[in-house]
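S.K.: Just so you know, the protein sequences line up as chains A and B, in that order.
Note that the first sequence covers residues 56 to 482 in the working numbering.
Note that the second sequence covers residues 14 to 189 in the working numbering.
For the record, the hints were derived by calculation from the structure and aren't laboratory data.
Note that the structure is predicted; figures quoted are calculated from it, not measured.
By construction, the Cβ of each residue, glycine as well, lies at the ideal position given by its N, Cα and C atoms.
Among the hints, erroneous ones may be present.
Quick list of simulated restraints, FRET-style, between CB atoms [claimed, not checked]:
1) Thr64/B - Ser318/A: 45 to 53 Å
2) Ala45/B - Asn112/A: 32 to 40 Å
3) Leu164/B - Gly74/A: 20 to 28 Å
4) Glu153/B - Gly149/A: 53 to 61 Å
5) Gly79/A - Gly143/B: 15 to 23 Å
6) Arg158/B - Asp324/A: 38 to 46 Å
7) Gly70/B - Gly149/A: 44 to 52 Å
8) Gln414/A - Pro155/B: 36 to 44 Å
9) Asp297/A - Thr64/B: 47 to 55 Å
10) Asp131/A - Arg158/B: 38 to 46 Å
11) Glu410/A - Ala174/B: 53 to 61 Å
12) Gly74/A - Ala45/B: 29 to 37 Å
13) Ala45/B - Ser406/A: 40 to 48 Å
Dumping the calculated EDC-like pairs for lysine to aspartate or glutamate here, alpha-carbon to alpha-carbon at most 20 Å [said to hold, decoys possible]:
14) Lys179/B - Asp115/A
15) Lys142/A - Asp115/A
16) Lys27/B - Asp128/B
17) Lys142/A - Glu102/A
18) Lys27/B - Glu103/B
19) Lys179/B - Asp128/B
20) Lys397/A - Glu410/A
21) Lys27/B - Glu131/B
22) Lys220/A - Asp131/A
23) Lys179/B - Glu210/A
24) Lys220/A - Glu322/A
25) Lys179/B - Asp108/A
26) Lys64/A - Asp289/A
27) Lys179/B - Asp83/A
28) Lys179/B - Glu102/A
A few chain A residues that face chain B, going by a derived Cβ cut-off under 7 Å, partial list only [unchecked claim]:
29) Arg103
30) Pro111
31) Glu155
32) Glu157
33) Asn180
34) Ala207
35) Glu433
36) Tyr443
37) Arg446
38) Arg451
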Amino acid sequence: MTGQTIAEKVLGAHSAGGGRVRAGDLIDARVDGLMAINYQWMRATYERIGFPDGPPNVWDPARVFLMNEHVQPPADLDSAIGNYQSKLVANRLGLTHFYESEMGVCHQMMLDYGLVRPGELVLGNDSHTTAHGGINALSTGIGADETAYVWAFGELYLNVPETIKVVLRGAARPYPFGKDVILYLAGVYGDDFAQDKAIEFHGGFAAASDVATRLCIADHAVEVGAAFGVFLADEKTRAYVDERNVERIPWQPVAPDPDARYSRVIEVDCDALGFQVARPFRFDNVAPVDASAGVRIDQARIGSCANGRFEDIEIAARMLEGRHVAPGVRFYVSPASVRVYKQCADAGLISVLLEAGVQVQDPGCMICQTPGIVLNEETCITSTTRNYRGRFGGSRTSEAQIYLAGPATVTAAAIAGEIVDPTEFLR
Amino acid sequence: MTDVDRPISGRVWKFGDSVDTNQLAGGGLQGATREETLRINCLRGLRPDFTEGVGPGDILVAGHNFGCGSSRQSAVEALRYCGIAAVAAESVARIHGRNSIALALPTFVAPGIADFVEDGDTIEIDHGAGVVRNQRTGGELPLPRLPESVLAIYRAGGLAAVIRTKLAAVGIVAAN
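Looking at chain A on its own, in the form it has when it is part of the complex (with noise of 0.2 Å):
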């Protein structure tokens, strides 16, 4: 008997019919946790069905996470009307863990408020759930009504994924470079090398590294079609969940079996790369920053599920201190939560950032969505999630260009109002 992936154990110890999974069984699987986010979006989905005032049940009232996080404040009828509703249901079912008006991005208030741990299966409705692979927990993204479904049963039909191992060869970097490694990934091996796979990242760059860095690897795992990404668990893992784990919620981490069986094994030597920019409008559109040098932007951003955290920021403000955004470039720069943020002012970078003329703006994805519209005639650098056609404006802005990097990389560009390689703003 050949041994098991993460993915094969985790799917494993979760498969309601009990007993070894193997890659490509299709399994009813057991989760621990249930993300949901923006109950507006599943509304729809008990009104089809009769309920008009929303789920009858829940599976668990401690192990479903609501959270209005979206569209914080929100800003037009119905999503006012989705968060007092949401607040209706989780009074009437009792949720322990509803978030009615907090600002962030929900992958890392689920990381903030301890409500993922290592070892453990965990779905919600958006697609960068991937994230929580960061720290070595399997979780993954579902649609609405998949979540409905969840909230009912606490369980969903899953395929036991074949994985993908990715060696990742090399010495940490002394700034955030996991954007330019899954970027570096996707532009070689394509936006679908992955898809409905899982794949673990192993070697010595995953290890060297610190939480964000895998967080943001992992986040974008869905970036190259993975179903899972998941990093190994160690000491600073440890120390991570610990601290957030207020609930002191036993867990265990997992890894693969010595002969565990991969699809595919892909070596990266992350010392021998620069920094990386996806170009518009594909994930995988990538080359090395010089190959984009030159091009004259109009707005930056930095946040996200994927680089919106303290070591992004912090980044940011080390390069902008003493410096300015060059004129004409809106520079926009949201932490990813209210902790995330407090930790930041706590530390003075958001008046660094206030001085150097960034607008900061709240935790929330809105950052990495429609709010800051670039216009057809202009062109962004973001550090956000994706760089497809409309992103930041929707079909009538479908030829801004967008384009994706590194938070050192769009702070270089903002302060030099072109793209650049950030090497000499970082000494």
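Based on these hints, arrange chain B on the given structure of chain A.
M.R.: Positioned in the frame of chain A, the structure of chain B alone reads:
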């Protein structure tokens, strides 16, 4: 008989690889209703003639990684509001594929489909027979069969209906 069990015939709208959910349901123009907003913006950024040209019963053919991006279920709803009766793609992004099953929009992975049809062709997707037929060329393309558990969701009319049935079965809600 449900949509996946009977042959689906229609005019093809052909798209390339990695059509993302921002193209399917990314907003932009404001319609009178949510449905109208989803319909008029769907794929407009990629192909401005789609909104006015697409009609009930049409079929969308795409390349690899169709529906990549966010988990928004509205990406499936938008296609339905445009009248799209079925989707056939080289590959479908994981969450979008699951959402299509959940909302029972017949969505098929059909390797070779991109070279098999041209925009404007009329094709027949016959899942029961395991084949796609191109009326113009007379060609046939093998169509992989959907798993039984997925077919069961389609036949129930979608995942929400399954929720209703299951809640009734365990006595949480009344049967009707």
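S.K.: Does Asp115/A sit within 20 Å of Lys142/A, going by the straight-line distance between their CA atoms?
M.R.: Cα-Cα ~17 Å, so holds.
S.K.: Taking the least C-beta to C-beta distance, is Pro111/A closer than 7 Å to chain B?
M.R.: Since chain B brings a Cβ to about 5 Å from Pro111/A, closer than 7 Å, the hint holds.
S.K.: Going straight from one Cα to the other, do Lys179/B and Glu102/A come out at no more than 20 Å?
M.R.: This hinted pair holds, its Cα atoms lying about 16 Å apart.
S.K.: Does the CB of Tyr443/A sit less than 7 Å away from some CB of chain B?
M.R.: Hint on Tyr443/A: holds, closest Cβ of chain B at ~4 Å, below 7 Å.
S.K.: Do the Cβ positions of Glu410/A and Ala174/B conform to the proposed distance bound of 53 to 61 Å?
M.R.: 57 Å, holds
S.K.: Given the hinted pair Lys397/A and Glu410/A, is their alpha-carbon gap at most 20 Å?
M.R.: 18 Å, holds
S.K.: Next item in the hint list is Glu155/A. Is there a CB on chain B closer than 7 Å to its CB?
M.R.: Violated. Min distance 22 Å.
S.K.: Starting from the range 32 to 40 Å, see whether the pair Ala45/B and Asn112/A falls in it by beta-carbon distance.
M.R.: The hinted range 32 to 40 Å holds for Ala45/B and Asn112/A, with Cβ atoms some 35 Å apart.
S.K.: Can you verify the interface hint for Arg451/A: is its Cβ closer than 7 Å to any Cβ in chain B?
M.R.: With Cβ-Cβ at 4 Å, under 7 Å, it holds.
S.K.: Verify the CB-CB distance for Asp297/A and Thr64/B against the hinted window 47 to 55 Å.
M.R.: For Thr64/B against Asp297/A, whose Cβ atoms are near 53 Å apart, the range 47 to 55 Å holds.
S.K.: Within 20 Å, alpha carbon to alpha carbon, are Lys27/B and Glu131/B?
M.R.: This hinted pair holds, its Cα atoms lying about 7 Å apart.
S.K.: Take a look at whether the Cβ-Cβ distance between Asp131/A and Arg158/B falls inside 38 to 46 Å.
M.R.: Holds: the Cβ-Cβ distance is about 43 Å, inside 38 to 46 Å.
Hint violations for this structure: numbers 1, 8, 12, 19, 22, 31, 32, 35, all remaining hints satisfied.
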